[in-house]
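Undergrad: Protein sequence lines correspond, in order, to chains W and F. So for the first sequence, this note's numbering puts the first residue at 1; every next one is plus one. So for the second sequence, this note's numbering puts the first residue at 1; every next one is plus one.
Note that these hints are calculated values from the structure, not bench results. Possibly wrong hints are sitting among the right ones.
[To be verified] Just the calculated beta-carbon pair ranges, DEER-fashion:
no.	chain 1	residue 1	chain 2	residue 2	range
1	W	Pro230	F	Leu57	42 to 52 Å
2	W	Leu255	F	Glu296	50 to 60 Å
3	W	Cys52	F	Leu328	31 to 41 Å
4	F	Arg314	W	Leu346	32 to 42 Å
5	W	Ser345	F	Gly242	49 to 59 Å
[To be verified] These stretches of chain F come out as covered by chain W in the derived footprint (C-beta under 8 Å, 3 or more residues):
no.	stretch
6	74 to 84
7	240 to 254
8	337 to 347
Think of the CB as a built atom: it goes at the ideal place given N, C-alpha and C, for glycine as much as any other residue.
Chain by chain, the residues run as shown.
There are 2 protein chains.
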Amino acid sequence: MLRRFGSARAALDVLPRLARRGDRAKTVTAVTRAEAEAEFAALHRAGARLVCWGEPLYPSALAMIEDAPPILTVLGQAELLQRPMIAVVGARNASANGRRFARDLAAALGRGGLVVISGLARGIDAAAHLGALETGSVAVVARGVDVVYPEENRGLHDALATRGTVVAELPLGTEPQARHFPRRNRIISGMALGVIIVEAAARSGSLITARFALEQGREVFAVPGSPLDPRSRGCNDLLRHGATLTENAEDVLSLLEPQLRGIEPLRPIPAVAIPAAPHWPTPGVAQPIGDEDVLELILEKLGPTPVAVDELVRQCQLSAAVVATLLLELELAGRVERHPGNLVSLS
Amino acid sequence: MLRRFGSARAALDVLPRLARRGDRAKTVTAVTRAEAEAEFAALHRAGARLVCWGEPLYPSALAMIEDAPPILTVLGQAELLQRPMIAVVGARNASANGRRFARDLAAALGRGGLVVISGLARGIDAAAHLGALETGSVAVVARGVDVVYPEENRGLHDALATRGTVVAELPLGTEPQARHFPRRNRIISGMALGVIIVEAAARSGSLITARFALEQGREVFAVPGSPLDPRSRGCNDLLRHGATLTENAEDVLSLLEPQLRGIEPLRPIPAVAIPAAPHWPTPGVAQPIGDEDVLELILEKLGPTPVAVDELVRQCQLSAAVVATLLLELELAGRVERHPGNLVSLS
């Protein structure tokens, strides 16, 4: 309509008339100026911004898909959206090995110059975001960017909202609903040069993302797994149907190499007030590596009774971002457990 | 030579003259009648027979390869060699999951009408033979059919020598040598409609069999595995290069269906004189073993894919209590991870 009518004003003026032409039950009206201003104020308060189709920050790959979202709400480092991206998605109930693989893969892809996109779900998604936090990590969520879900990913959400990017098609305040997820998946694949599936059961959501990727002409990569593991069923099935077998980042980077030529290497995301790189200790290994003293400081303040994260921040005299990262680390090590209301306890 | 000179007698007569024509350092002479009779007597004592190229029992697929062995020594049910066959091969140091998969796969292929061939090595080979013992199992060995190797497979060797078939290109009494193995592998693939690789490290012997299969125009099937498991490296690599991804017998049978049409179903092999299920000893169990050895024994059977503790107990032939203690030890050392449902994996 912008193209057809020359300006937003002209397009909006003609909108009710156009809508009446069809047989729509409801008339179509633009929001009022007051409503728009209230929404902008809310975005400002949330630290978010809008990125519209056609604007320079709008991801160029996404702009080309058939049903590209007209407006994205963006929290965090919006510049990441201009870089070449790769999606890493997979099972929520991923195995420890699957998570480790996803994290290491995402980190290696980041070093290779790609921004990593995922869906900020539990399991593979969370691991992928974590691995790419230093080099560029984008979460596309099926809710408002200001709604944290699942609660256990609050630490990761906060880290992405500052060092990475959280993107949503849905307006602020939208709660997650099952029907939102498939449409969200089209954005994940649409923003990416390719989609890597790490652990996916038969008929799982990740396979929907893979199907979108195929429809959008993106590469589909799948990580093979044992036929005895039901979490490999979906990936093996994709491989059977022509997905690129993926054992490491090199498998991905070498295939995408022609599309990456001439792209300058990523600058590392400045680690605002986050002292140590996020680290994911191996389960069962007693000692997490990293800033031992600070971890100890947090651990000694935790017990089996849930405590508010804000309270922890105050007591540890560390920045909220530092505490969030460390809690994430402890959580992934299985030592800390999340509770509703931004509470944590020892697990 | 039979074709050219009309009879074995005529061919043998002309042999020394033909050999002199070239620049061979050694003259070529046929064995004497006495030597041949001694060999026949030995075959008779061992319960073996010779099957020559061109005879009805000679496997028809093998007869078509370029360097088909002129004579096979056969122990057991020679009629199995006339049936359509499939090879199942893989790692000697296979994981417990890999062995179980190979055994179940071989059994299902047997029910599907195929005789299963393998190399009677430890690990995947032994498991495949065991799984197909009731429906038809053929071992092609890189030694004389009367030489048992490895010693731990004696029970399986004896079972195959009666209910199945043991086949060798080399004469009676030949001890196994490293250089024999690749040539033996060409017979395994040559006898088969296809070769299934279950767990194979990079640059392993099973990959030689796969290469022969390709050269001989046989199907190559590979079982996918986690990139974190080095025993999957070879299989994943084969998949990358076009092998058929194999998760179950159906994947194999459906591809071979055109070649199997009209083949009558296998009769079950009568269980002659074998009182119990063939015994499957584990290396090192015979001698008294130190704790380290037992730990190694368990570690060897574990991979990144979770396996049932019961299955481990069975395969290690140790008491459940001993296995539980050792697993605990490994877990405390951070080498083993627990999963719901009494499963464990390497961490």
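Undergrad: So, for every hint listed, does it hold in this structure?
TA: Cross-check of the supplied hints:
{"no.": "1", "hint": "W:Pro230 with F:Leu57: 42 to 52 Å", "verdict": "44 Å, holds"}
{"no.": "2", "hint": "W:Leu255 with F:Glu296: 50 to 60 Å", "verdict": "39 Å, violated"}
{"no.": "3", "hint": "W:Cys52 with F:Leu328: 31 to 41 Å", "verdict": "59 Å, violated"}
{"no.": "4", "hint": "F:Arg314 with W:Leu346: 32 to 42 Å", "verdict": "38 Å, holds"}
{"no.": "5", "hint": "W:Ser345 with F:Gly242: 49 to 59 Å", "verdict": "52 Å, holds"}
{"no.": "6", "hint": "74 to 84", "verdict": "violated (count 0)"}
{"no.": "7", "hint": "240 to 254", "verdict": "holds (count 5)"}
{"no.": "8", "hint": "337 to 347", "verdict": "holds (count 4)"}
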